[in-house]
Amino acid sequence: MRAARPPVVVITSNRTREIHDALKRRCIYHWIDYPTLEREHLVVTLKVPATPPALAWQIVTLVHGLRETELYKLPGVAETLDWAEALVALGARELNLELVERTLGFLLKYQDDFEAVRRGQRLGDLVQQVHTESLDRALRAPEVSFD
-17 MRAARPPVVV ITSNRTREIH DALKRRCIYH WIDYPTLERE HLVVTLKVPA TPPALAWQIV
43 TLVHGLRETE LYKLPGVAET LDWAEALVAL GARELNLELV ERTLGFLLKY QDDFEAVRRG
103 QRLGDLVQQV HTESLDRALR APEVSFD
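Numbering follows the working numbering, with no gaps: position 29 of the sequence shown is 11.
Among the hints, erroneous ones may be present.
[Unchecked claim] Per label pair, the in silico range of CB-to-CB distance:
hint : residue 1 : residue 2 : range
1    : Arg100    : Ile10     : 37 to 43 Å
2    : Val(-10)  : Lys91     : 25 to 31 Å
3    : Pro35     : Pro(-11)  : 41 to 47 Å
4    : Leu28     : Gln111    : 33 to 39 Å
5    : Ile1      : Lys55     : 16 to 22 Å
6    : Thr51     : Pro17     : 16 to 22 Å
[What the hints assert, rightly or not] With a Cα cut of at most 30 Å, we get these calculated DSS-like pairs of lysine-lysine:
hint : residue 1 : residue 2
7    : Lys29     : Lys91
8    : Lys91     : Lys55
9    : Lys91     : Lys6
10   : Lys55     : Lys29
11   : Lys55     : Lys6
No wet-lab data here; the hints were simulated from the structure.
None of the values given here were measured: they were computed from a predicted structure.
Beta carbons are placed, not taken as given, at the ideal position from N, Cα and C, and that holds for glycine.
With the hints as constraints, model all of the structure from the sequences given.
Written out as structure tokens, the structure is:
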């Protein structure tokens, strides 16, 4: 297939602004879902190679847990990478509740989301779950090769 003129391509993940119906009629919609836990772990490992292996699993496990909650804006892969870089810069080796609370702004961008996550014991439960699941995954996962 050839076009007389190159197409105009607009890629957006911004769900906060409505696109006019006339423009939508001329668009092809394609949803790109969040990566699997394993795929996102690989992304973190490749993009932030200084991340300790156990911490990388904890990061992606916690982010995936947050994505299962009802938030206004779920953290994307960019937030995962920003958080990993910040945790590495802080010298973190593993997650704990205090560290997650102090750095939650890398993942959540709205006050209502902060309150929803902090309500009850949700964040503490999530950190505890992360330790259990990430340890199991780290023990089962093959080493990532950069060759």
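### Task
Could you tell me which of the hints above the structure violates, numbers in ascending order?
4
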